[in-house]
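**Student:** Chains as they are written, first to last, in full-length UniProt numbering: chain A, 1 to 218; chain B, 1 to 218; chain C, 1 to 218; chain D, 1 to 218.
Misleading hints may appear alongside valid ones.
Note that the list lumps identical chains together, so a pair holds whenever it fits in one copy or between two copies.
Here are the simulated SDA-like cross-link-like pairs (lysine to any residue), alpha carbons at most 25 Å apart as the crow flies [claimed, not checked]:
(1) K31 with I80
(2) K212 with T51
(3) K31 with H126
(4) K170 with R18
(5) K31 with Q10
(6) K31 with E185
Simulated from the structure, these hints should not be mistaken for laboratory data.
Spelled out from the first residue to the last, the chains are:
Number of protein chains: 4
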Amino acid sequence: MSLPLFLHFQTRHAADIRADGIAIISPSFFKPRTAEMLRTYLREVISVAPTMPVYYYHIPSVTGVDVLGRDVLEGIEELIPSFSGVKFSGSDLMDFGQCVSYSQPHWSCLYGVDEQLLAALALGAHGAVGSTYNYMGSHFNELMAAFERGDLVQARTIQFKMQELISYAKKLGFDLGVNKQLMIELSGLSLGPPRLPVMPCAPSVALSIVQKYHSLFP
Amino acid sequence: MSLPLFLHFQTRHAADIRADGIAIISPSFFKPRTAEMLRTYLREVISVAPTMPVYYYHIPSVTGVDVLGRDVLEGIEELIPSFSGVKFSGSDLMDFGQCVSYSQPHWSCLYGVDEQLLAALALGAHGAVGSTYNYMGSHFNELMAAFERGDLVQARTIQFKMQELISYAKKLGFDLGVNKQLMIELSGLSLGPPRLPVMPCAPSVALSIVQKYHSLFP
Amino acid sequence: MSLPLFLHFQTRHAADIRADGIAIISPSFFKPRTAEMLRTYLREVISVAPTMPVYYYHIPSVTGVDVLGRDVLEGIEELIPSFSGVKFSGSDLMDFGQCVSYSQPHWSCLYGVDEQLLAALALGAHGAVGSTYNYMGSHFNELMAAFERGDLVQARTIQFKMQELISYAKKLGFDLGVNKQLMIELSGLSLGPPRLPVMPCAPSVALSIVQKYHSLFP
Amino acid sequence: MSLPLFLHFQTRHAADIRADGIAIISPSFFKPRTAEMLRTYLREVISVAPTMPVYYYHIPSVTGVDVLGRDVLEGIEELIPSFSGVKFSGSDLMDFGQCVSYSQPHWSCLYGVDEQLLAALALGAHGAVGSTYNYMGSHFNELMAAFERGDLVQARTIQFKMQELISYAKKLGFDLGVNKQLMIELSGLSLGPPRLPVMPCAPSVALSIVQKYHSLFP
């Protein structure tokens, strides 16, 4: 039942450099059919660094895996003592709510669909991880602060602007290549070109989205 | 470009009995490929009762129609002067947020996925329409009241219980037949058996869900 | 467990005009979850005309119903004595093959995806029903004749040309509106405009496809 | 635009051991949106061993990539001179037929859905690659021989038996773990347990399928 060796190397490496934790995504070529298959996989990946904090990274639209996040969490703390939570990048908020509800005190349920973060906060999300935060982080911090102080009107205003921007970008082919270009243009984060099959963003596309950004967040 | 006659009869009948409004779902056999096709269809259905308030009923998981709700709303008030809003039964809350954001003052954006109503309230839902409200309405009224007064902890507690109930029912084959039986058992609403292809609920299934309900909402 | 009355009216009408048979599609709003639900529905539709030949029309890409055709056929002859076969409009040819293999001598397994008819013939299809046959019927008759006499090279040549035409049309937005226009242009079958939400075909699109047709079938 | 290094290592290694060729699957985490993105990826993978025969391995149900195989082939011989064909593991036989039709004389269009191989042979498949051939190869050789000599009745009989076996296995949870156990039981090919997340096959499941096999192929 061995895994590819490089998964163990990577996990061991994360422990060696004293990473704060690792997030493990489901395999998607041969897909687990049950929560038990997925839990067993997570335990095996982390077995070489058993005290490393580990998160289950749930992203069904990418993996095509049809297993509820909540079902993966069932009894996982006995199987993986260092289990620390879930990054939930899905739009099924019944499943997310049930993850939050089942969550142990030392776990974190982090939400990953930036376009609807406010919805997840209402359901008790403990935090957020997402790619657009690389250039829109300050606006999302404002959104979260507004939410914390009970100012839903303000939180909603920021979320709606962000939705308008992403919706606009999607019609132009928003992907990781576009996202990396936006990081450069808006945050000065130059992380190199995307890896194939993602292609670099056409300058006209980036320019158009940047203008939209400045019109929404002047 | 005529529609089946009975759609016009039904619409006309709704006007005759002075219904408060009608909700129109997308055709799903030949599916509209664009928002324009769908808008043109809505206008044609309502053409025999042009002052009747009309809602677009967005439920992509059932219709299989891949058109954003927000795109349907684009310019619809010029096409259908009596347009009154959307019943949004989908889990894409970026799309729902954009419907709310684009909504005219006299429209209503009603949310239809009961299991995640709280998320939609955070995004500004103006109301809710759903099948479980036939027997859980009082709990949802409490949820909405808690939300209104800013008590998210209480709202979340109710939503989580409701998620646990529906999640439990889903593993037993939750469908309209089960739902009708729950209406009888929990609210005394005896509306007759479901229509085929939905089958009546097995008594053991109904009993099991009713017990779960009473354990969650004692 | 009553059905909408108009389904019974339509079935009764078909019997009155001495139609050769009727084909029944699965309901798709409330979707059957099991083959048994779907069989029970078919029996109820046909109950007002119990000697009328009846076909199950399997088209999962349109209905979104996730039930195998073969499972619907299980034991159906005892439930519906006038059952006469299946129109199979799906691309799962294991399921189609199993329908053919299970088929009773007086049934017909008709195939409905014109673009891959030759594949279904190889698996034993008893006939074909499809929309493009309204203007390409003579070519498909040649394809079937070539297949019958064992000339797969010729059959394949015709199928490939037809695939090229449909593939070309799909990139231009092939739908029922386009199909109706092609019926007019290529066969002189003027059946009126499509019903909403399908829109009439833009003349430039029809012209372009007609030219492609003539280049492929000079 | 660099790829992960280990892809280049693997390709280089294949060249060093004088492999007959390599098959490249689409990336599926960040999915290519266009055929051009996918072609560019294939070229980059093979760039370290530019004379190695290379096949595009099309398996959309696993990768979730929505790009037609035929579109990937467009102009690929100029981009990748050693391009040698496609392994097509999909059920869209219009797309497969168009791959065959476009195929250059020195390419091979190999079919990978064992349950419907006969359909692909009718459309001109040049060969077959599949996992069940590890224990049912002799029956498929008979099927192909029957097809070659024009005996479709015999070819169909074998294909139907195989469909019945796989259909039976699917209802018991057919996956790679089951498949490996069948290799041991039916061919004596002991290749070790499956890798996670796939779990070893329960003995009762294997036994049941083996019995079915012997009843179908006595």
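**Student:** Which numbered conditions among the earlier hints are violated in the structure presented, ordered from lowest to highest?
**Tutor:** Hints 2, 3, 4 not satisfied by this model.
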